[in-house]
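S.K.: Sequence:
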Amino acid sequence: MDFSFFNTPIYYRFAECANSVVPAYIPIIEKRKDTPFNESQKAWQQLRRGRYVEFNLVYDRGTTFGLKTGGRIESILVSLPLSARWEYDHKPEEGSEEWKLLNACINPKEWI
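Under numbering that gives the first Met the number 0, the residue at position 63 of the sequence shown is numbered 62, and the numbers go up by one with no gaps.
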């Protein structure tokens, strides 16, 4: 491996950025960790986890490569959530927080 990369300005910018993630994330966790949630929010979380599982098993190149080449299935699947949920053709109610999230993902704002 060429270790000269670690002495370049781009590495230091990358490292600075990476090192700022935890200090930026901790206050968010501290603020939100005791926020109550209801059953519909839990169901939404489970549906999002289901979509992650779907992506991971069907589209993720690393996962599909591991499964197709005889990798240790337990090691490959350990990143999956403990619980998930699927509903056929689920569409959140228009105007709901869930709908707003999906709408923002599907129709991102043009910021520039």
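Just so you know, the hints here were simulated from the structure itself, not pulled from any lab data. Any given hint could be a false lead.
Heads up, simulated SDA-like pairs for lysine to any residue below, C-alpha to C-alpha not over 20 Å straight-line [said to hold, decoys possible]:
#1 Lys90 to Arg60
#2 Lys99 to Gln45
#3 Lys99 to Gln40
#4 Lys32 to Cys16
So the derived label-pair ranges between C-beta atoms look like this [stated by the list, open to error]:
#5 Val20 to Tyr51: 28 to 38 Å
#6 Ile28 to Glu96: 13 to 23 Å
#7 Pro107 to Lys67: 27 to 37 Å
#8 Thr7 to Pro35: 20 to 30 Å
#9 Arg12 to Lys41: 11 to 21 Å
#10 Thr63 to Ile9: 49 to 59 Å
#11 Pro107 to Lys32: 25 to 35 Å
#12 Pro107 to Ser19: 35 to 45 Å
#13 Asp33 to Thr63: 19 to 29 Å
#14 Ile28 to Pro107: 17 to 27 Å
Idealized CB from N, CA, C, for every residue including glycine.
S.K.: Regarding proline 107 and lysine 67, is the given constraint of 27 to 37 Å on their beta-carbon distance met?
M.R.: Once the Cβ atoms are compared, 33 Å apart, the range 27 to 37 Å for lysine 67 and proline 107 holds.
S.K.: Is it true that the CA of lysine 90 sits at most 20 Å from the CA of arginine 60?
M.R.: violated, 28 Å
S.K.: Are threonine 63 and isoleucine 9 spaced within 49 to 59 Å by their CB atoms?
M.R.: violated, 31 Å
S.K.: Given the range 20 to 30 Å, decide if the beta-carbon distance of threonine 7 to proline 35 lies inside it.
M.R.: violated, 47 Å
S.K.: Measuring from beta carbon to beta carbon, are arginine 12 and lysine 41 in 11 to 21 Å?
M.R.: violated, 39 Å
S.K.: Taking 28 to 38 Å as the stated bounds, is the beta-carbon spacing between valine 20 and tyrosine 51 within them?
M.R.: Violated, since valine 20 and tyrosine 51 (Cβ atoms, about 20 Å apart) do not stay within the stated range.
S.K.: Below or equal to 20 Å on CA atoms is what counts here, so check lysine 32 against cysteine 16.
M.R.: violated, 24 Å
S.K.: Straight-line Cα separation of lysine 99 and glutamine 45 no greater than 20 Å?
M.R.: holds, 17 Å
S.K.: Given a hinted range of 35 to 45 Å, is it respected by the beta-carbon distance of proline 107 and serine 19?
M.R.: violated, 24 Å
S.K.: Range hint 17 to 27 Å: satisfied by the CB atoms of isoleucine 28 and proline 107?
M.R.: holds, 26 Å
S.K.: Need the status of pair lysine 99, glutamine 40: alpha-carbon distance at most 20 Å?
M.R.: holds, 14 Å
S.K.: Between the beta carbons of proline 107 and lysine 32, is the distance compatible with 25 to 35 Å?
M.R.: With Cβ atoms ~29 Å apart, the hint holds.
This entry does not satisfy hints 1, 4, 5, 8, 9, 10, 12 and 13, going by the numbered hints stated previously.
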